[in-house]
Amino acid sequence: MRTFLLSLLVLGGLIVGALLIAPSFIPQEWYREPIVTAIEEQTGRDVTIDGDIGLSLFPQFNFRLEGVSISNAEGAKHPTMASMKTLDVGLDAFRLLRREIIVSRFVLEDPVIHLEVDKSGKSNFDFEPQTGSEDPQPTEQPDGSDQSAPQDFEVGTISLGDVRLVNGLVTYTNHQTNEDYEVQDINATVSLPSFDGPFSADGSVTWLGERVGANVSIGNLKDLLEGIETEISTRINSDLIIQSFDGKAVADPLKLTEGKASLNIPSLRKFSAWLGSPMPDGDGFGPVAIAGDLTARDQRLFFKNANVEFDDITATGGLTLILDGDKPFVSGRMDADTLNLNPYLGVEAPSQSQSGGSSGSGGGSGGAPAPSTEWSDDPIDLAGLKSLNANLKLTAKRVQFGGIKLDNSDLDLRINDGLLTADLADINLYKGTGTAKFSADGRGRTPKISQTLVLNAIDLLPLFRDAGGYDRLEGTGNLILDVTMTGRSQRQMMQTLRGSGGVNFLDGAIRGVNLADLVRNIGSVLGGVQNTGVQKTDFAELTGRFNIRNGILSNNDFALKNPLLWVTGAGSLNIPNRTIDFRFVPKAVATIEGQGSRRDVTGISVPVIVSGSWDNPTFAPDVGSIIGGVLEGATRGRDESDSEEEEGQPADPLESIFRDVLGIPTDTSSEDGEPEQQESTQDEQEQQPPDPLGDLFKILQNQ
1 MRTFLLSLLV
11 LGGLIVGALL
21 IAPSFIPQEW
31 YREPIVTAIE
41 EQTGRDVTID
51 GDIGLSLFPQ
61 FNFRLEGVSI
71 SNAEGAKHPT
81 MASMKTLDVG
91 LDAFRLLRRE
101 IIVSRFVLED
111 PVIHLEVDKS
121 GKSNFDFEPQ
131 TGSEDPQPTE
141 QPDGSDQSAP
151 QDFEVGTISL
161 GDVRLVNGLV
171 TYTNHQTNED
181 YEVQDINATV
191 SLPSFDGPFS
201 ADGSVTWLGE
211 RVGANVSIGN
221 LKDLLEGIET
231 EISTRINSDL
241 IIQSFDGKAV
251 ADPLKLTEGK
261 ASLNIPSLRK
271 FSAWLGSPMP
281 DGDGFGPVAI
291 AGDLTARDQR
301 LFFKNANVEF
311 DDITATGGLT
321 LILDGDKPFV
331 SGRMDADTLN
341 LNPYLGVEAP
351 SQSQSGGSSG
361 SGGGSGGAPA
371 PSTEWSDDPI
381 DLAGLKSLNA
391 NLKLTAKRVQ
401 FGGIKLDNSD
411 LDLRINDGLL
421 TADLADINLY
431 KGTGTAKFSA
441 DGRGRTPKIS
451 QTLVLNAIDL
461 LPLFRDAGGY
471 DRLEGTGNLI
481 LDVTMTGRSQ
491 RQMMQTLRGS
501 GGVNFLDGAI
511 RGVNLADLVR
521 NIGSVLGGVQ
531 NTGVQKTDFA
541 ELTGRFNIRN
551 GILSNNDFAL
561 KNPLLWVTGA
571 GSLNIPNRTI
581 DFRFVPKAVA
591 TIEGQGSRRD
601 VTGISVPVIV
611 SGSWDNPTFA
621 PDVGSIIGGV
631 LEGATRGRDE
641 SDSEEEEGQP
651 ADPLESIFRD
661 VLGIPTDTSS
671 EDGEPEQQES
681 TQDEQEQQPP
691 DPLGDLFKIL
701 QNQ
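Note that the numbering used here gives residue 90 to position 90 of the sequence shown, counting from 1, and the numbers run on in steps of one.
Just so you know, these hints were derived from the structure itself, not from any lab.
Ideal Cβ placement from N, Cα and C applies to all residues, glycine included.
Take these hints with a grain of salt, some might be off.
Computed list of lysine-lysine pairs in DSS-like fashion (alpha-carbon distance at most 30 Å, straight line) [claimed, not checked]:
no., residue 1, residue 2
1, K386, K397
2, K260, K304
3, K270, K222
4, K122, K327
5, K405, K437
6, K248, K122
7, K77, K122
8, K304, K270
9, K448, K393
10, K405, K536
11, K386, K405
12, K260, K397
13, K327, K448
14, K327, K77
15, K255, K393
16, K448, K397
17, K304, K437
18, K304, K327
Label-pair distances were calculated between CB atoms; the ranges are [claimed, not checked]:
no., residue 1, residue 2, range
19, Q400, L275, 42 to 50 Å
20, P198, R300, 46 to 54 Å
21, F127, A425, 58 to 66 Å
22, P34, D246, 46 to 54 Å
Starting from the given sequences, assemble the full structure and let the hints guide the process.
Next comes the structure, spelled out in structure tokens:
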């Protein structure tokens with residue numbers, strides 16, 4: 001018995017020794033050919049192993065292949081589909097005999113894999129296993145069992161030890177869609193001590209020149225694959241995107257549930273360029289941060305209780321992000337504090353230099369001032385609107401586009417393939433209310449912007465100052481405006497501006513000119529009354545309609561009314577050049593006592609020309625019209641004039657002035673036909689009114 005046991009030990013030792021040293025005595029060519037043949041049969045491709053083959057059978061089944069390559073499909077761009085420097089695999093031999101897969105080692109070094117889809121849609125990774133000319137028929141046992149059926153391994157017996165991919169390269173080419181990608185520097189480590197336990201994977205890649213790290217942890221891989229909800233966490237970290245998710249997930253199909261997620265993109269502009277959709281240089285589309293409760297399925301992300309920070313915008317609410325289309329689609333409802341649309345529309349609020357001259361200043365110097373040039377020539381490009389589609393309902397305490405500011409507004413915002421539309425059904429702005437529709441079209445080569453405003457009881461001064469830098473109108477009013485503009489800069493936009501509108505303003509003033517002063521000074525020259533210096537024309541009502549063509553605003557029904565003065569007018573605003581050319585006809589409709597005059601000038605009509613830069617316009621009487629009126633009156637003759645004058649009343653002061661200017665003699669005959677002698681004492685001469693001609697030119701010079 002003792003001898004028998006000793007013999008068994010010796011035999012066992014010889015077997016183990018043979019397993020340990022046998023591979024050293026077996027030529028590599030003996031098992032190179034079977035390995036190559038087995039792979040070729042499964043892939044239908046040619047396989048070569050140019051390097052050494054290492055093999056050990058005990059205590060673990062290990063093999064190491066060097067210089068492995070697999071040929072590509074016919075017609076593919078690269079001659080090989082896959083190649084690797086080394087493939088090192090280790091299996092627990094005893095567990096393998098018990099139908100358990102315990103991978104102690106699986107290491108790929110320098111793998112290069114080329115994935116390709118041809119124009120017909122066929123991929124090079126659709127393998128066609130080689131088969132013989134005649135398929136072997138399965139043999140059946142008497143009990144009906146199929147002995148040829150493979151005996152599957154238990155999935156739950158899989159365990160992964162040292163699993164690594166080192167310095168890999170993967171390319172993908174799709175000839176149908178013209179997509180071409182390359183992922184470099186692929187490094188990954190996988191840990192799975194037990195299939196019925198935690199799984200983790202860490203790795204990093206270089207994609208489109210950026211290094212991206214990733215981590216995935218799963219509470220129980222078996223539960224996940226069997227459709228049981230399990231804990232999961234993911235991390236993505238790079239200079240362009242930082243993402244995290246901690247929650248639960250189920251598979252088939254994979255979806256995330258009950259998770260806390262965060263997404264941080266330092267620059268959406270750079271991120272979009274990295275993904276192949278570059279935006280033009282400009283403001284906006286900077287940092288983006290989203291955090292909230294996330295569920296996901298089929299490349300669709302649903303955020304609840306979300307906090308969103310986008311550039312200077314901060315908002316809360318719910319969002320849906322769909323990523324399975326040709327571009328991201330965002331929808332949802334958010335409540336924002338401030339919503340500034342300017343960075344995304346290529347426009348900006350008027351600068352300080354555009355705010356016009358100092359309020360209340362008088363007319364400019366003589367001559368026509370040079371046109372203002374404050375409109376910007378910086379390029380406007382709305383191509384960024386093509387980067388995503390959106391359907392958002394926003395409530396904002398403050399909305400700004402251009403220089404216009406809205407308060408407590410509900411905004412329906414849509415972006416569709418480069419066309420942005422914003423519908424504000426109920427807005428509050430500048431102490432009034434209204435509705436507005438706005439669109440920015442970036443679909444074509446030249447941007448186009450349209451807007452429609454219906455405003456009620458608006459505070460005019462801050463509105464016009466913010467909208468176009470114009471600060472010479474104040475009051476409360478109603479405004480209708482419907483305009484469109486196209487161009488690649490702010491200046492071009494103003495040059496193509498077209499549309500129409502109307503105004504009805506109440507209880508305000510035109511700043512920078514006192515039309516009552518002009519009427520009073522012209523009408524009371526003989527009385528020697530001086531200009532009061534108050535540079536403002538008050539009104540009880542101001543109305544008018546206008547049309548805009550190629551940046552020129554035209555009006556022919558201007559009307560201004562107050563208890564003492566009515567003004568009608570017509571003219572134009574050259575918006576591109578920021579100049580004005582208007583003719584106003586102010587007419588005193590009642591006495592203007594209390595404003596420095598001792599005369600009743602009721603009915604006197606003195607046209608006034610407003611011209612030059614709207615930042616600093618000039619105001620002057622229309623001398624040509626006045627002279628024409630006087631000449632017309634002079635040709636009627638003294639008899640007609642005398643019949644119209646009341647006895648004891650002086651002649652029309654304007655007529656008297658221009659008779660002197662033009663040298664028309666005044667009839668001073670007495671009742672008996674003889675010239676009346678006029679002798680003045682020194683005191684009487686001192687009481688005479690100032691020289692009419694001299695006073696007139698002094699007044700004209702001061703305007």
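Going down the list of hints, with the structure as the test:
1. The straight-line distance between the Cα atoms of K386 and K397 is roughly 27 Å, inside the 30 Å bound, and the hint therefore holds.
2. Taken as a hint, the K260 and K304 pair is honoured in the structure, with Cα atoms around 10 Å apart against an allowance of 30 Å.
3. Annotation: proposed proximity of K270 to K222 is violated, straight-line Cα distance about 39 Å (limit 30 Å).
4. Between K122 and K327 the alpha-carbon distance is near 25 Å, which keeps this suggested pair within the 30 Å criterion.
5. Note on K405 and K437: the hinted pairing holds, with a Cα-Cα distance of about 14 Å set against a maximum of 30 Å.
6. Between the alpha carbons of K248 and K122 the distance comes to roughly 36 Å, so the proposed pair goes past 30 Å and is violated.
7. Between K77 and K122 the CA atoms are separated by roughly 14 Å; this keeps the pair inside 30 Å, and the hint holds.
8. As the CA atoms of K304 and K270 are separated by approximately 27 Å, the hinted pair is consistent with the 30 Å bound.
9. Distance hint between K448 and K393 is fulfilled; the C-alpha atoms sit about 23 Å from each other, no more than 30 Å.
10. Straight-line distance between C-alpha atoms of K405 and K536 comes to about 27 Å, which keeps the hinted pair within the 30 Å bound.
11. Straight-line distance between C-alpha atoms of K386 and K405 comes to about 26 Å, which keeps the hinted pair within the 30 Å bound.
12. Simply put, K260 and K397 have alpha-carbon atoms about 28 Å apart, close enough for the 30 Å limit, and the pair holds.
13. The suggested pairing of K327 with K448 holds, with an alpha-carbon distance near 22 Å, which does not exceed 30 Å.
14. A distance of roughly 28 Å separates the Cα atoms of K327 and K77; the hinted pair therefore holds under the 30 Å criterion.
15. With a C-alpha separation of about 27 Å, the suggested pairing of K255 with K393 holds against the 30 Å cut-off.
16. A C-alpha spacing of about 27 Å is found between K448 and K397, which places the hinted pair at or below 30 Å, so the restraint holds.
17. With a CA separation close to 29 Å, the supplied pair K304 and K437 stays within the 30 Å bound.
18. Between K304 and K327 the CA atoms are separated by roughly 22 Å; this keeps the pair inside 30 Å, and the hint holds.
19. The given range of 42 to 50 Å is broken by Q400 and L275, whose C-beta atoms sit roughly 29 Å from each other.
20. The supplied range of 46 to 54 Å is broken by P198 and R300, whose beta-carbon atoms lie about 28 Å from each other.
21. Against the hinted window of 58 to 66 Å, the Cβ-Cβ separation of F127 and A425 comes to about 59 Å, which satisfies the hint.
22. For P34 and D246, the Cβ-Cβ distance of about 48 Å falls inside the hinted range of 46 to 54 Å, so the restraint holds.
The structure fails hints 3, 6, 19 and 20 (numbered hints given earlier, in ascending order).
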